[in-house]
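Trainee: Make a model of the complete structure from these sequences and hints.
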Amino acid sequence: MSGIVLSASVRQNLLSLQSTADLLATTQSRLSTGKKVNSALDNPTNFFTAQSLDNRASDINNLLDGIANGVQVLQAANTG
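Going by UniProt numbering, the first residue of the sequence shown is number 1, and it counts up by one from there.
Worth flagging that the hints you see were computed from the coordinates, not collected in a lab.
Just so we're clear, the structure is a prediction, and the values are computed from it rather than from any experiment.
Hints are not guaranteed to be accurate.
Dumping the calculated DMTMM-like pairs for lysine to aspartate or glutamate here, alpha-carbon to alpha-carbon at most 25 Å [what the hints assert, rightly or not]:
1) K36 to D54
2) K36 to D65
3) K35 to D59
4) K36 to D22
5) K36 to D59
6) K35 to D22
Mentor: Structure representation (structure tokens):
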């Protein structure tokens, strides 16, 4: 089976198009998620910092839900 022969200019144009498509995909991912850093490949330090803060916020929300449930139980017990 014979390969496809590309001239240097055609090869360079294809590489340029591929690079543009990759950048477009990255931009679309950032726009769709609203995050500047979507993976550890974008910026490892910021990614893991953001992940840690997201986990902490989730833990705090769980605690707030538990407190709200406790308040409801106390209010129900208080009213009879």
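Trainee: Assess, step by step, whether the Cα of K36 is no farther than 25 Å from the Cα of D59, and give holds or violated.
Mentor: Between K36 and D59 the Cα gap is close to 23 Å, so the pair holds against 25 Å.
Trainee: Checking one constraint from the list: CA of K35 to CA of D59, max 25 Å. Satisfied?
Mentor: The hint holds at about 21 Å.
Trainee: Quickly compare the C-alpha distance for K35 and D22 to 25 Å and report which way the hint goes.
Mentor: 17 Å, holds
Trainee: Would the pair K36 and D65 pass a check requiring their Cα atoms to be no farther apart than 25 Å?
Mentor: 29 Å, violated
Trainee: Checking one constraint from the list: CA of K36 to CA of D22, max 25 Å. Satisfied?
Mentor: Between K36 and D22 the Cα gap is close to 16 Å, so the pair holds against 25 Å.
Trainee: Taken at face value, is the distance from the CA of D54 to the CA of K36 at most 25 Å?
Mentor: The given pair, whose Cα atoms are some 14 Å apart, holds under the 25 Å limit.
Consistency note: the structure conflicts with earlier hint 2 alone.
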